[in-house]
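Asks: Next come the chains, spelled out residue by residue.
Number of protein chains: 2
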Amino acid sequence: MLNDSLVLDRTFAALADPARRGMLARLAHGPASVSELAEPLRMSLPAVMQHLKAMESSGLIASEKRGRVRTVRLKPGTLTAAERWIRDRRSEWEAHLDRFEAYLSTLKNDGATQ
Amino acid sequence: MLNDSLVLDRTFAALADPARRGMLARLAHGPASVSELAEPLRMSLPAVMQHLKAMESSGLIASEKRGRVRTVRLKPGTLTAAERWIRDRRSEWEAHLDRFEAYLSTLKNDGATQ
Numbered sequence: 001m002l003n004d005s006l007v008l009d010r011t012f013a014a015l016a017d018p019a020r021r022g023m024l025a026r027l028a029h030g031p032a033s034v035s036e037l038a039e040p041l042r043m044s045l046p047a048v049m050q051h052l053k054a055m056e057s058s059g060l061i062a063s064e065k066r067g068r069v070r071t072v073r074l075k076p077g078t079l080t081a082a083e084r085w086i087r088d089r090r091s092e093w094e095a096h097l098d099r100f101e102a103y104l105s106t107l108k109n110d111g112a113t114q
Numbered sequence: 001m002l003n004d005s006l007v008l009d010r011t012f013a014a015l016a017d018p019a020r021r022g023m024l025a026r027l028a029h030g031p032a033s034v035s036e037l038a039e040p041l042r043m044s045l046p047a048v049m050q051h052l053k054a055m056e057s058s059g060l061i062a063s064e065k066r067g068r069v070r071t072v073r074l075k076p077g078t079l080t081a082a083e084r085w086i087r088d089r090r091s092e093w094e095a096h097l098d099r100f101e102a103y104l105s106t107l108k109n110d111g112a113t114q
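Chains as they are written, first to last, in the numbering used here: chain A, 1 to 114; chain B, 1 to 114.
What the hints contain is simulated information worked out from the structure, not anything from laboratory work. Heads up, some of the hints might be wrong.
Now the stretches of chain B that chain A is said to cover, found in silico as 3 or more residues with beta-carbon under 8 angstroms [what the hints assert, rightly or not]:
id	segment
1	19-25
2	28-42
3	75-81
4	102-108
Using N, Cα and C, we set each Cβ at its ideal position, and we do this for glycine too.
Based on the provided sequences and hints, a complete structural model is requested.
Replies: This is the structure in structure tokens:
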């Protein structure tokens, strides 16, 4: 199993490409075949497969082949982990601003009472 | 000005590295000097500067030099844009699941009334 940091490395790397984000945006509306994902991108099937491989290795998607059709679906848990990492940093930043604001108002009050 | 897609490319690419995420996690608690950021990473100052450059170009951080000290601070807006992109995909996925569930229950009810 990949450790959390490696999962985040691969997830954010997978998200750093507009074609891959486009495919994820399509998959957020439901599973799709590889050809359906390739169509709006004007991209060769091997290029699409390469992108899908990068996303599958990070756990963002899963795929299954039935007969000649490979169907791809979103695995939302990996997106959630990436979202949580960012949200935690943002919360810490907001807590920092709150502390800073409280400190400033202490300084102001000290000035007013002197 | 960078377009939104390019900002997301650079932001997610900047987040795809444990050393850069470590620096952002430190900066979420407040501004820091370049040496303070370098210290826990056991990394050369030029290597740290390289990472900071990647994060500054994506708008994740800003830095300012006063005398001999360069102070780095988080720019939370860029993190928020990345977080929003992921959250929107997750919401679409949840809406898809709701529709799928509603469809399944329609099928079941149709079966029950026949």
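Asks: Against this structure, judge whether each hint is valid.
Replies: Results of checking the hints against the structure:
1. Evaluation of the coverage hint for the segment 19-25 of chain B: fulfilled, as 3 residues show C-beta separations to chain A shorter than 8 angstroms, against a requirement of three.
2. Remark: the segment 28-42 of chain B is confirmed as covered by chain A, as 3 of its residues place a Cβ nearer than 8 angstroms to a Cβ of that chain, reaching the required three.
3. For the segment 75-81 of chain B, the stated coverage by chain A is satisfied: 3 residues place a CB nearer than 8 angstroms to a CB of that chain, which reaches the threshold of 3.
4. Three residues within the 8 angstroms Cβ limit are the bar, and the segment 102-108 of chain B against chain A gives 0, so the coverage statement is violated.
In terms of the numbered hints stated before, the structure departs from hint 4 and from no other.
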